[in-house]
Amino acid sequence: MNGALVADGLTKRYRKTVALDRCSFAIPERSIVALVGPNGAGKSTLLHCATGLVRPTEGTLTVLGGQPGDPTLPRVGFVAQDAPLYRDFTADELLKMGGKLNREFDLPFARARLVDVGIPLDRPTDRLSGGQRAQVALCLALAKRPRLLLLDEPLASLDPLARREFLSALMDGVAEEHMTVVLSSHLLTDLERVCDHLMVLRSGQVQTLGATDELLAKHKRLIGPPQPRRPKITGVEQIVSAARAERQIELLVRTNGDILDPAWDQYDVSLEDVVLAYLEPRAGEALLDLEVAGA
Amino acid sequence: MIGFHVSSASAVPAYMQLVEQVRRALRLGRLEPGDRLPTVREVAAEVAVNPNTVLKAYRELEHEGLVEGRPGQGTYVVRSLSGPSPQTLDRLRASLESWVDKARADGLEPEHIRAVVDSTLGSLFDVEESA
Chain A
1 MNGALVADGL
11 TKRYRKTVAL
21 DRCSFAIPER
31 SIVALVGPNG
41 AGKSTLLHCA
51 TGLVRPTEGT
61 LTVLGGQPGD
71 PTLPRVGFVA
81 QDAPLYRDFT
91 ADELLKMGGK
101 LNREFDLPFA
111 RARLVDVGIP
121 LDRPTDRLSG
131 GQRAQVALCL
141 ALAKRPRLLL
151 LDEPLASLDP
161 LARREFLSAL
171 MDGVAEEHMT
181 VVLSSHLLTD
191 LERVCDHLMV
201 LRSGQVQTLG
211 ATDELLAKHK
221 RLIGPPQPRR
231 PKITGVEQIV
241 SAARAERQIE
251 LLVRTNGDIL
261 DPAWDQYDVS
271 LEDVVLAYLE
281 PRAGEALLDL
291 EVAGA
Chain B
296 MIGFHVSSAS
306 AVPAYMQLVE
316 QVRRALRLGR
326 LEPGDRLPTV
336 REVAAEVAVN
346 PNTVLKAYRE
356 LEHEGLVEGR
366 PGQGTYVVRS
376 LSGPSPQTLD
386 RLRASLESWV
396 DKARADGLEP
406 EHIRAVVDST
416 LGSLFDVEES
426 A
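Line by line, the protein sequences are chains A and B.
Position 121 of the first sequence, counted from 1, bears residue number 121 in the working numbering, the numbering being contiguous throughout.
Offset between the second sequence (1-based) and the working numbering: plus 295.
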């Protein structure tokens with residue numbers, strides 16, 4: 001499989017917990033991926049594996065065609081959660097340090113960028129606002145001119161305005177330099193406008209990964225009678241989630257064809273609906289005891 | 296140059312919102328043939344959307360024959376959508392206002408007025424099309 005980030009049976013166990021459980025996926029190059037899942041789903045572990053900071057227990061992860069952490073790899077940028085920076089250093093000192101520590105580091109570009117977004121270069125970073133610190137961390141990562149940029153919960157601690165400014169700076173960087181970006185979040189809302197791919201992670205397992213427009217086209221909400229006349233619904237590949245009410249059943253399904261059965265009313269779904277359905281405990285098919293065509 | 300915005304709450308896809316904003320600017324004469332649209336990067340950064348979303352919007356506008364991408368230069372407006380002049384619009388709006396005043400004097404609520412306008416438009420345009 002080709003891709004910027006390709007996993008095959010990727011598993012990471014800590015003493016008792018399984019953080020990643022046999023994950024297999026391929027993130028296409030030049031995509032902007034929203035990596036969504038609840039806290040503890042394995043998002044950070046996955047990103048740490050990609051940087052080479054964490055070694056998988058089993059399985060493999062290929063980053064831009066090589067081993068994670070391999071110094072000969074094309075550049076990988078990483079911003080850890082809460083954008084940790086050396087607190088006593090000024091932005092300018094951090095940039096200089098970045099220039100010394102990285103083989104390729106575009107110092108003039110980085111400095112111009114920070115001035116552009118109004119960051120005082122001569123102030124220790126612990127006296128900057130959360131939004132400004134996030135901008136500095138992003139800028140340090142972008143200055144490496146990465147081909148893969150990994151951002152762990154970049155928006156979690158930012159207020160709405162700082163979120164917008166951060167995403168704006170990120171999209172500016174993406175438009176300038178073609179790269180693959182993976183942003184993790186426990187909320188989709190913030191990322192929906194910038195991502196073109198969605199990956200849902202739950203309990204260390206990949207629930208779905210795809211281009212957002214394809215996911216939207218493939219998933220439907222079906223509402224039908226509580227006792228379906230037919231045990232199969234032609235055109236349904238998987239029942240992702242199900243809710244039973246007294247008079248009706250509501251399903252969120254992944255389709256593999258048109259659904260022509262008149263017993264089911266079908267509705268389009270939002271990306272948020274898709275995420276929520278995959279995050280529900282996998283009860284759909286068992287609850288309904290439905291045979292699904294093609295399953 | 297026009298400013299763009301994208302509402303995440305809208306059910307309209309983001310690229311369609313951008314397309315609609317260009318169409319509206321063309322209709323209102325705020326954009327005219329020869330004007331350059333902002334670059335993909337400028338729009339992506341301004342509204343914080345995926346550059347591909349902007350590209351898709353520009354491709355749609357190109358497909359509609361409204362704009363044209365010139366390699367190395369940018370995207371330019373080639374066709375106008377502007378209708379009547381502002382003076383004509385003002386005159387028509389004034390006569391519509393006096394009609395609305397009459398309708399209100401007769402006790403019509405805004406939704407009644409809208410219904411009358413819609414059905415009148417519907418019947419007039421139907422007649423025109425079938426003629």
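In case anyone wonders, no lab produced these hints; they're calculated from the structure.
Hints should not be assumed to be uniformly reliable.
Stated by the list, open to error - Facing chain A, a subset of chain B residues (Cβ under 10 Å, in silico):
no.	residue
1	306
2	308
3	309
4	335
5	339
6	342
7	344
8	368
9	379
10	382
11	383
12	385
13	400
The beta-carbon is built from N, C-alpha and C at its ideal position, and this holds for glycine as well.
Review point. Are there hints from earlier that the structure breaks, and if so, what are their numbers?
Key: 8, 9, 10, 11, 12, 13
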